[in-house]
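**Student:** Read off the chains here:
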Amino acid sequence: MENLRHVTDAPKYLEKVSQSEGPVFYFYGEIPMWRGEPLAPVGKLRLQNLVALPEDLVTLIDRDLDKEISFLASFGLYAEKKISALKAANLNGMSYGGFLTELRSRGLRLPIGPESVQEAEQEYRSFLEEK
Amino acid sequence: MIILDATALSALLKVGAVHILLETFPSDSFIIPGEVWGEIRKTDVIRAAVDRVLQEHGDRFRVLEVDQQQAALASQLEERLHRGESEAIAIAKLSGARLIMDDLTARTVAKQLSIPIGGTLLVMRLAYEKCPIETYEELKDLINRLSEDLYFNRSLEEWVLQAEKLS
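For the record, the sequence lines run as chains H and B. Residues in the first sequence are numbered consecutively from 2, following our numbering. Residues in the second sequence are numbered consecutively from 4, following our numbering.
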C-alpha cells in the first residue's frame, strides 16, 4: 500500500487507491472518514486494517511508513515469542540476513536463547546426555 | 546427528566458526534442512560460506529434504515458524537428533516437543572446553563478533567466558 504520511493527504490518496484496493478508511481527529466524508455509525465500520498514529509522530518517521510499521510490528511479535525471526523476515519480504541488517540500522540486535544461565546450564546437561 | 537451524548456522558461518562444530562434535554428522539451506543462501556472504562448507565437508554436512512424515509435522508448526525452522524441529523430533537453534520462538516450540536443544552460545562454551577454540582471547573475540547482530544478556556472556578447559 502506498505510504500515507499525513491525514491531510488522505482524500487524494483515497481517490487513487479506493477503486483498486477496496475501501480505505482513515481518522480525521476522532471521526472515522471515507473519501473525505464522515462515516457513521462507527460500529458498522471494518477498521481492522486502519492504523491511527499521532500526526506529530508520523512526521518524525523518516522511513516508508507502511514498511516501518510492518517491520516494527513483526519484530515485536518475535520479541513476544509469537513468531520466529525468519517468519518475521519473510512477512516483510526480507531474507533473514536482510532482517538482521534492518535491525542493526536501528541500533537493535536480535535477542536469542537461552535467556538465562539456568536455562543454559540445563541445555548444556541435556545436550551432552543425549549424545 | 545434529540438526542445524538457520539462526545458529548463519551466526556460525558469519563469524567463520563452522570448523568449530566439526571439531567439537567429531563423531556427529550435521543436517541442514532443505528450507534452511534455501533461506540462508538468500544472503550473499552466507551463501558463499555455506556452499564452501558443503563442498569441503560434504562427508559431515548434508542438506536434507524432509520426507512425508516430517513434512506433515512441519506443516503443523508453520503458523508461528518459518518452514525451515519447522523442518528442523520435525526432523529432530522424528529422528531423535539434537537441535542447534537460537530463535526464541522456535526454541519454545522445540522444547514443548521435548527435543534436546542447544544454541550458538552452548557451541562456543563446549568448543572452548574441548579445545577447538584454543585461547580465551579467541573465545572472547567470537562472542564479540556474534554480539554484533545477536543479543544475549551479560550473565550468559559470562557463562560462556567462564568455561574451563577439560583436561
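Be a bit skeptical, because a hint or two may be false.
BS3-like mimics (lysine-lysine), calculated; alpha carbons at most 25 Å apart, straight line [stated by the list, open to error]: (1) H:K82 with B:K168; (2) H:K83 with B:K133; (3) B:K45 with H:K83; (4) B:K143 with B:K133; (5) H:K68 with B:K133.
Because the hints were derived from the structure by calculation, they are not lab data. Everything numeric in this text was worked out from a predicted model, so none of it was measured.
**Student:** If a hint holds in the structure, say so; if it doesn't, say that too.
**Tutor:** We went through each hint and held it up to the structure:
no. : hint               : result
1   : H:K82 with B:K168  : violated, 35 Å
2   : H:K83 with B:K133  : violated, 36 Å
3   : B:K45 with H:K83   : holds, 24 Å
4   : B:K143 with B:K133 : holds, 16 Å
5   : H:K68 with B:K133  : violated, 45 Å
Hint compliance for this structure: hints 1, 2 and 5 are not met, and every other hint is.
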